[in-house]
Amino acid sequence: MIPYDQGFSPPAPVLQVTITNCTQKRRWRTMSALVDTGSDISAVPRELAHTLQLYPVGRLRLEDVQARVTIALTYVVQLTVAGLVIPRLEVILTGLSHVVLGRDALAEFCVLLRGPEQTFDMGATLDAILPGFMRRQAGSHPPSSRACRSAV
Amino acid sequence: MNLNSAWSRTAFYGSQRREGGVKTIVMKEAAGGYTVALDSFAVAQGPMVLRIDDSPVAVLISPADYAAFQAWQAERETSGALAAPPDFEHAVATFERLKPALLEQYNGRVVAVHDGRVVAVGDDRMAVLEMVTAQYGPVPCYIERVEPETPRRARISSAWIAR
Numbered sequence: 028m029i030p031y032d033q034g035f036s037p038p039a040p041v042l043q044v045t046i047t048n049c050t051q052k053r054r055w056r057t058m059s060a061l062v063d064t065g066s067d068i069s070a071v072p073r074e075l076a077h078t079l080q081l082y083p084v085g086r087l088r089l090e091d092v093q094a095r096v097t098i099a100l101t102y103v104v105q106l107t108v109a110g111l112v113i114p115r116l117e118v119i120l121t122g123l124s125h126v127v128l129g130r131d132a133l134a135e136f137c138v139l140l141r142g143p144e145q146t147f148d149m150g151a152t153l154d155a156i157l158p159g160f161m162r163r164q165a166g167s168h169p170p171s172s173r174a175c176r177s178a179v
Numbered sequence: 104m105n106l107n108s109a110w111s112r113t114a115f116y117g118s119q120r121r122e123g124g125v126k127t128i129v130m131k132e133a134a135g136g137y138t139v140a141l142d143s144f145a146v147a148q149g150p151m152v153l154r155i156d157d158s159p160v161a162v163l164i165s166p167a168d169y170a171a172f173q174a175w176q177a178e179r180e181t182s183g184a185l186a187a188p189p190d191f192e193h194a195v196a197t198f199e200r201l202k203p204a205l206l207e208q209y210n211g212r213v214v215a216v217h218d219g220r221v222v223a224v225g226d227d228r229m230a231v232l233e234m235v236t237a238q239y240g241p242v243p244c245y246i247e248r249v250e251p252e253t254p255r256r257a258r259i260s261s262a263w264i265a266r
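Protein sequence lines, in the order shown, are assigned to chains A and B.
Each residue of the first sequence is one higher than the one before, counting from 28 in the numbering used here.
Each residue of the second sequence is one higher than the one before, counting from 104 in the numbering used here.
One or more hints might be untrue.
[Claimed, not checked] One side of the interface only, derived from the structure: several residues of chain B facing chain A at Cβ under 8 Å:
1) His193
2) Arg212
3) Met229
4) Ile246
5) Arg258
6) Ile259
[To be verified] Computed list of chain A residues with no C-beta within reach of chain B, every gap over 12 Å:
7) Gln33
8) Cys49
9) Ile68
10) Val127
11) Leu140
[Stated by the list, open to error] Which chain A residues face chain B? A few, computed with CB under 10 Å, are given here:
12) Asp32
13) Arg56
14) Ser66
15) Pro83
16) Gly85
17) Glu90
18) Val103
19) Leu116
20) Ala134
21) Glu135
22) Asp154
23) Leu157
If you're looking for bench data, these hints aren't it; they were derived computationally from the structure.
Ideal Cβ placement from N, Cα and C applies to all residues, glycine included.
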């Protein structure tokens with residue numbers, strides 16, 4: 028169970044991830060990552076391109092919320108999150124200080140958001156996150172009307 | 104409009120003409136003091152190039168355009184835009200040049216362009232990158248799926264990309 032990051036308004040699911048250069052494994056950085064189901068693609072802070080010596084491999088036509096389309100370069104990193112390693116993940120760079128986990132990365136995970144409790148779980152399989160959830164549900168008495176009733 | 108302060112070390116006179124749709128003033132050295140009459144309305148219509156003989160030395164733009172340029176520059180610095188390395192740009196240019204032929208030969212597939220040619224073909228972007236790395240090491244390359252519209256589109260949830 029991971030508490031939402033209260034630094035976001037409203038609070039958001041954030042967890043620690045490790046970003047590594049795919050070809051130079053000694054170049055890595057652990058930092059916070061926002062779970063963002065609204066993004067098609069994941070993103071890393073611009074500074075990582077320098078510190079990890081990342082090199083562009085592709086381009087994207089990015090459409091933002093204002094329907095503006097811009098061309099962005101893509102880079103490839105290794106992502107380690109919740110005990111799972113994605114050896115090659117194509118990402119873009121942002122001016123943010125945290126990683127953004129878009130649906131391309133989230134497709135590899137099971138994510139359980141408990142909005143009313145402002146906590147979440149994330150793992151490679153449902154088994155990895157459900158037992159703890161079920162135990163907590165069984166132990167809660169009386170059940171909150173706003174609590175998650177069912178995991179699936 | 105007087106350009107005395109900017110051109111005080113050399114005396115010039117200017118004559119206006121139009122080159123490729125851009126207003127151009129060709130500057131010539133003159134014995135007397137330097138004064139160029141410019142039509143501020145004309146400057147407001149678009150950039151005006153100042154040339155000395157054949158060399159462009161300055162571009163005059165309207166205050167509104169300059170303010171827009173400054174805003175763009177500030178936004179670019181804030182977003183931390185990174186320029187693409189020249190060899191990557193070269194690979195992109197090669198892809199665009201070869202694209203008509205690639206569409207005939209590899210339509211729908213993923214190619215890697217390196218050193219002016221296609222060096223790997225596959226169906227998955229990361230698998231193709233792995234093929235390149237295995238064969239050539241970590242070399243600059245451009246990975247792209249061969250489709251009529253490239254690069255592919257992606258949506259993001261906010262406007263924080265570093266272009």
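These are the hints, each one checked on the structure:
1. His193: Histidine 193(B) check fails; min Cβ-Cβ to chain A is 12 Å, beyond 8 Å.
2. Arg212: Status violated, d = 15 Å.
3. Met229: Methionine 229(B) check passes; min Cβ-Cβ to chain A is 4 Å, inside 8 Å.
4. Ile246: It holds, given that the least Cβ distance between isoleucine 246(B) and chain A is near 5 Å, below 8 Å.
5. Arg258: At about 5 Å, which falls below the 8 Å cut-off, the nearest Cβ of chain A leaves the hint on arginine 258(B) intact, so it holds.
6. Ile259: The hint holds - isoleucine 259(B) has a Cβ within 8 Å of chain A, the shortest such distance being about 5 Å.
7. Gln33: holds (19 Å)
8. Cys49: Cysteine 49(A) is in fact no farther than 12 Å from some Cβ atom of chain B, at 8 Å.
9. Ile68: violated (5 Å)
10. Val127: violated (8 Å)
11. Leu140: Per Cβ check, leucine 140(A) is outside 12 Å of chain B; nearest 16 Å; holds.
12. Asp32: Interface hint status for aspartate 32(A): violated (16 Å vs cutoff 10 Å).
13. Arg56: violated (16 Å)
14. Ser66: Holds. Min distance 5 Å.
15. Pro83: holds (5 Å)
16. Gly85: holds (5 Å)
17. Glu90: holds (5 Å)
18. Val103: holds (6 Å)
19. Leu116: holds (8 Å)
20. Ala134: At about 13 Å, which exceeds the 10 Å cut-off, the nearest Cβ of chain B leaves the hint on alanine 134(A) violated.
21. Glu135: Violated, about 13 Å.
22. Asp154: violated (27 Å)
23. Leu157: Nearest chain B Cβ about 27 Å off; hint violated.
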